[in-house]
Amino acid sequence: MTDREKWVEALARLTRKTQEGQIRWLSIPPEEIESARSIGVDKAFETTFLKQRIRAYRTDESLLSWGERGRPRDRFVIEFLDPTGIPVYRPPSLDGARDLFSAIEYQAAPVGDFIDALLRD
Amino acid sequence: MLHFLNSAVRAAIAFAGDIASLASLGLTLLVYFNIRKLRRAYLFTARVPELTEELSGKASELFRLRGTSAESKSEIQVLMAESDVLLRSLKSKVSGSSRVAVKAVLLATAEYQLNDSADIVWRVYVAMQKCLAELRQTQLDLKWDRHL
Chain R
5 MTDREKWVEA LARLTRKTQE GQIRWLSIPP EEIESARSIG VDKAFETTFL
55 KQRIRAYRTD ESLLSWGERG RPRDRFVIEF LDPTGIPVYR PPSLDGARDL
105 FSAIEYQAAP VGDFIDALLR D
Chain G
17 MLHFLNSAVR AAIAFAGDIA SLASLGLTLL VYFNIRKLRR AYLFTARVPE
67 LTEELSGKAS ELFRLRGTSA ESKSEIQVLM AESDVLLRSL KSKVSGSSRV
117 AVKAVLLATA EYQLNDSADI VWRVYVAMQK CLAELRQTQL DLKWDRHL
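Chains as they are written, first to last, in the working numbering: chain R, 5 to 125; chain G, 17 to 164.
Hints listed in this document are in silico derivations from the structure and should not be mistaken for laboratory results.
Treat the hints loosely; a few may be bogus.
[As the list claims (entries may be wrong)] List of simulated lysine-lysine pairs, DSSO-like, C-alpha gap at most 30 Å:
#1 R:47 / G:53
#2 G:159 / R:10
#3 R:21 / G:159
#4 R:10 / G:89
#5 R:21 / G:53
#6 R:10 / G:119
#7 G:109 / R:21
#8 G:109 / R:10
#9 R:47 / G:107
#10 G:53 / G:89
#11 G:107 / R:10
Being a predicted model, the structure only gives us computed values, none of them experimental.
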């Protein structure tokens with residue numbers, strides 16, 4: 005299995021565990037991310053799983069000034085942090101990051117539990 | 017003597033003709049493989065990015081539908097059938113490791129026809145993600161190939 009395939013599997017597991025509620029994500033203010041202003045961070049979340057701090061955020065170009073727009077940048081970013089909160093590893097950008105982010109958003113949204121309860125009713 | 021020379025010349029001409037035939041066969045094959053490569057590259061550039069986006073959308077939809085309710089199951093069945101058509105179209109346009117990745121998803125979707133459990137749905141989703149990673153990588157490589 006190549007490194008990329010391993011990361012695809014790992015990301016899929018993170019996504020699955022998030023969807024099943026085994027990993028709980030907390031919303032954090034985008035300002036906590038050092039480069040938030042220069043890359044236009046829209047929403048950010050953080051979790052600790054197996055003693056590893058993980059951060060996920062979404063960027064939005066409309067938050068940037070006209071001069072900074074149009075540069076290629078990742079829309080969904082996953083980062084591994086050290087215990088002090090400094091990013092130490094950013095895995096390759098993958099399509100699955102969007103699904104992880106949507107699972108996180110669903111979990112973090114106050115209506116998520118309500119919708120689940122309503123569907124079970 | 018003249019007759020001998022004539023036959024020697026004839027043999028030499030025949031030999032040169034054989035060599036030329038072999039060379040032209042080699043050139044024909046070279047042109048054929050180059051045209052095939054160009055055709056694949058053209059098809060890849062023209063259609064594969066679009067199909068990759070479609071596959072990405074299908075994977076996200078599959079992830080959203082992943083569940084056990086009967087309603088979701090019928091929606092997943094429709095999605096699997098649509099993905100199957102999409103993957104077959106992709107398979108005809110890619111080669112190498114991308115083709116292997118597409119075949120792996122097709123195998124997973126075929127497995128779903130025999131067993132529609134949530135685990136198999138998840139396996140299809142993961143295979144789709146691996147295939148997407150492979151296709152994105154090939155697209156990047158091709159971009160560099162055009163610059164060189």
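Evaluated hints:
1. R:47 / G:53: Given pair residue 47 of chain R, residue 53 of chain G is violated - Cα atoms ~44 Å apart, limit 30 Å.
2. G:159 / R:10: 25 Å, holds
3. R:21 / G:159: 35 Å, violated
4. R:10 / G:89: At roughly 28 Å apart (the allowed maximum being 30 Å), residue 89 of chain G and residue 10 of chain R satisfy the hint.
5. R:21 / G:53: Given that 30 Å is the threshold and the Cα spacing comes to 42 Å, the pair is violated.
6. R:10 / G:119: 19 Å, holds
7. G:109 / R:21: 35 Å, violated
8. G:109 / R:10: OK: residue 109 of chain G and residue 10 of chain R at ~26 Å, within 30 Å.
9. R:47 / G:107: 37 Å, violated
10. G:53 / G:89: 41 Å, violated
11. G:107 / R:10: 23 Å, holds
Going through the hint list in order, the structure does not satisfy hints 1, 3, 5, 7, 9, 10.
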